[in-house]
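Participant: The primary structure of each chain is shown beneath.
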Amino acid sequence: MAQITLKALAHSYSTSPDGPQDYAIREMDHVWHQGGAYALLGPSGCGKSTLLNIISGLLTPSDGQVLFDDQVMNELPPEERNIAQVFQFPVVYDTMTVFDNLAFPLRNIGTSADKVKQRVAEVADILDLTSLLKRKAKNLTADEKQKVSMGRGLVRDDVSAILFDEPLTVIDPQLKWKLRRKLKEIHEKFNITMIYVTHDQLEASTFADKIAVMYDGQVVQFGTPRELFEVPAHTFVGYFIGSPGMNFLDVELTKSGALVNGVSFPLSQRFQAAMRRAGSRNLKIGIRPEFVEVLPESSDDTCVVEVKNTQDFGTYRILSFHFAGQNLKARIDEGQVVSGDRVHVRFPDAHLNLYVDEYRVEVGDE
Amino acid sequence: MTRSVPTTPETVRQQAAESAAKRRKRARSAPIRWRRRTLLGLYLVFVMLPIYWLLNLSFQTNSEILGSFSFWPQNFTLGNYVGIFTDANWYMGYVNSLAYVLMNMLISISVALPAAYAFSRFRFIGDKHLFFWLLTNLMAPPAVFLLPYFQLYYSVGLFDTHIAVALAHCLFNIPLAIWILEGFMSSVPKEVDETAYIDGYSFPRFFVTIFIPMIRSGIGVTLFFLFMFSWVELLLSRTLTATNAQPIASIMTRTSTASGIDWGTLAAAGVLTILPGIVVVYFVRNHIAKGFALGRT
Amino acid sequence: MNKVYNNKAWFLILPMLLLVAFSAIIPLMTVVNYSVQDVFDANTRFFTGTEWFETMLNNPTLQAALLRQFAFSFTILAIQVPLGIGIALLMPKRGWQASAVLILITLPLLIPWNVVGSIWQLFTRGDIGLMGVGIRQLGYAYNITRNPADAWATIILMDVWHWTPLIALLCYSGLRSIPDAYYQAARIDRASKWAVFRYIQLPKLTNVLVIGILLRFMHSFMIYAEPFVLTGGGPGSSTTFLSQSLTTMAIGQQDLGPSAAFSLIYFLIILLVCWVFYTAIMNMQKDNANQGGA
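Protein chains in written order, with numbering that gives the first Met the number 0: chain A, 0 to 365; chain B, 0 to 296; chain C, 0 to 293.
Just so you know, not all the hints are guaranteed correct.
[Stated by the list, open to error] Examples of chain A residues lying across from chain C (beta carbon under 10 Å, computed):
#1 Asn52
#2 Leu57
#3 Pro77
#4 Glu79
#5 Ala83
#6 Gln87
#7 Phe88
#8 Val91
#9 Arg316
Since the hints were made in silico from the structure, they are not lab data.
Every residue gets a Cβ at the ideal spot worked out from N, C-alpha and C, and that includes glycine.
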């Protein structure tokens, strides 16, 4: 049981890194609290597996520290860290039975036979493996094997955290949600810190209480699924979370107001003030397609846009349109009628976000 | 050295393993590291010592070999080698051996490739029995076939030709090649074939341009084994040849004459039979680590 | 893998079949033919039925050779398999050392079998051989032409030298194919070195070891050239193995019928042992739901 702290942590695979591009993990500070269910979400190559392996001790970070509670762990090998890790491809000991597989971590530290029996029975029960206990692990299906590898992490009562490295990649879709629910159940029952690496936002948000979104070797936002959706702290989060992702408009501020590619864009005074304060030319306005309003008539805060197409998703439709040469999307209800190739849209002030140099800036209330 | 940033969990773990290996090496106490090296070193000495001795004797004259015992040549001489390379009877032995070995490799691999493909991809009448029968040929002691082979090749007029030995070695080399190749081919997913056919490849073109490159290390290891078993075999090659196609191995028996054994020449001839092997290992060295498991792990 | 049922595959097999049939079936038929007849000359022969087989099975010389053969094969397997696994575990995994060690270890496999005999003859002779002279210097009257025990020990040492590399290379290759994830999972499960060997490495080696043991058994059972050159089967007949007995009988004494019968018996023994071994291994690997567990 421990809180995991990453202090000024950075990692480079090259022996003499020249610049930030050589770093798989750029310098970061982060705290995983005891008992939390966390997800580490990001695209391929963003460094999430690297980070996970640094926490488990399979990799030694080139800079900074990993702390469990207040103890520096950098030099400790994985076997001394009290950590369990479940890999992308299930690792089971082929020649052993399921029982022996689950008992393996306990027997390695000389646990008494009675205790082993009791713990294995307990864990097998939770994972629905009881009926398979006497089978050879070799002949199990992929999801059963993955359950066995999870089970090996769970039987130990000394683990401070369980790390999952895209554990459901090889599992059939219909079994995925079952296993995910199982994990959630286990988490509630055992109160163990769990960190779950994935590139699938749905997987992350159903499993985790808090999600760390990684991009280019950095954690760009750490928050609840709702926060990630409503107030993405970085343009990447806006773009990566949600389906479709957030709309972004490059804006510039002139004396006559905000312009997007030379076309005037209705923006409230408080936004204009914030933009003036920003002191950077890299300014973006972001809005979720869910909040873009498509209206039948024009008013003073609407824009006329050119409709490209609509995609029907059953209960809702996604409207793609052109505004000032930029492609944007809006989500509209099934019943709403959109006629003609020109419509009026409104970008409600309350749902606009301002990004300066890709990071979100609080706009304030004037 | 700059390494690119890994993009999949697999590559991350591979790098983790490498760095762990490095760290272990550093952390592993010196005595353990030295114990490993010493044990392996001892074995390598055991492997090299007889070969070194052969080399040592090959650079000595017979009088030195018999007269004084020394760990290295006192009067270094190339005389034994010169003797071999100036006597056509001697060096033709090498030519003969290499000739039938290469013929055998060529014949074996070219009939074994399609056959192994058939076994790995199709079911057909008698497939299992046929495969089993092939393997039994691996287990046939050459000694059993000496006399019938002699009669057979004599009656078809092939006695004392290279091709006779090459064909005789097919007895065990073709089954061996099929067995090894079948393992490699079965580890190539069948979808590869199907995709190629959908893309409009004919079977021969698919086989040569796509399939064969995919099992390169398998073919490398197969050729290694074909060379090995044909090159080292004595009994059949000696029985099926007289003078024109006599292999080096049987010419070497000439070193024992009425006046005693010509140790120096024997040693030099022995050294020369090792050289082709070194060339072959050098070529396949990168395939050995992967390919030697014969596709069966 | 699901194989397609297609009899056209026979066309792919056909060239191979013709060649192997030419090298295997015709000669084998000849052997079978001889084994049931008594041949005096090209025109005079009698059908003898199983007479030659009975004679051969009751021949004490051959029985002794067969016993020696089994003793030899099992001894070298008992040494080579553990030694080969050990060496495979010791071999470096990366870098130029790995290549260098691979090449050195592979060398003995590619030396013609009679040259292997010659090398060991040169190496072990009491007058000019490094090992022979060395052992005598230590005070032991080492002599492979007089003392059967010395001859045996030397032949076994030679075979270990010659063939352990095959087992080592097979195992090395098998070890290389184990994904890193297994070792990492084992570290996280805090497995001891022994546990890693017993539950990760050894299971992965089973397949290559089966291949290695089968190949080694077959070839050791057919061994001819090496002992023939090194000891000539002596002293006495203490290192005369089956192949040598057979060639002496077939070529030296021209006893066609008996040697043909002997050939077939010889062949069948090898087949039988390989089959029994293979079946036993396959049965061991089957999942038996009633076994195991705790």
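Participant: Hints first: check each against the structure and report whether it holds.
Facilitator: Here is how each hint holds up against the structure:
{"no.": "1", "hint": "Asn52", "in the structure": "holds, 8 Å"}
{"no.": "2", "hint": "Leu57", "in the structure": "holds, 5 Å"}
{"no.": "3", "hint": "Pro77", "in the structure": "holds, 5 Å"}
{"no.": "4", "hint": "Glu79", "in the structure": "holds, 8 Å"}
{"no.": "5", "hint": "Ala83", "in the structure": "holds, 6 Å"}
{"no.": "6", "hint": "Gln87", "in the structure": "holds, 8 Å"}
{"no.": "7", "hint": "Phe88", "in the structure": "holds, 6 Å"}
{"no.": "8", "hint": "Val91", "in the structure": "holds, 9 Å"}
{"no.": "9", "hint": "Arg316", "in the structure": "violated, 43 Å"}
When each numbered hint is compared with the structure, a violation occurs for hint 9 only.
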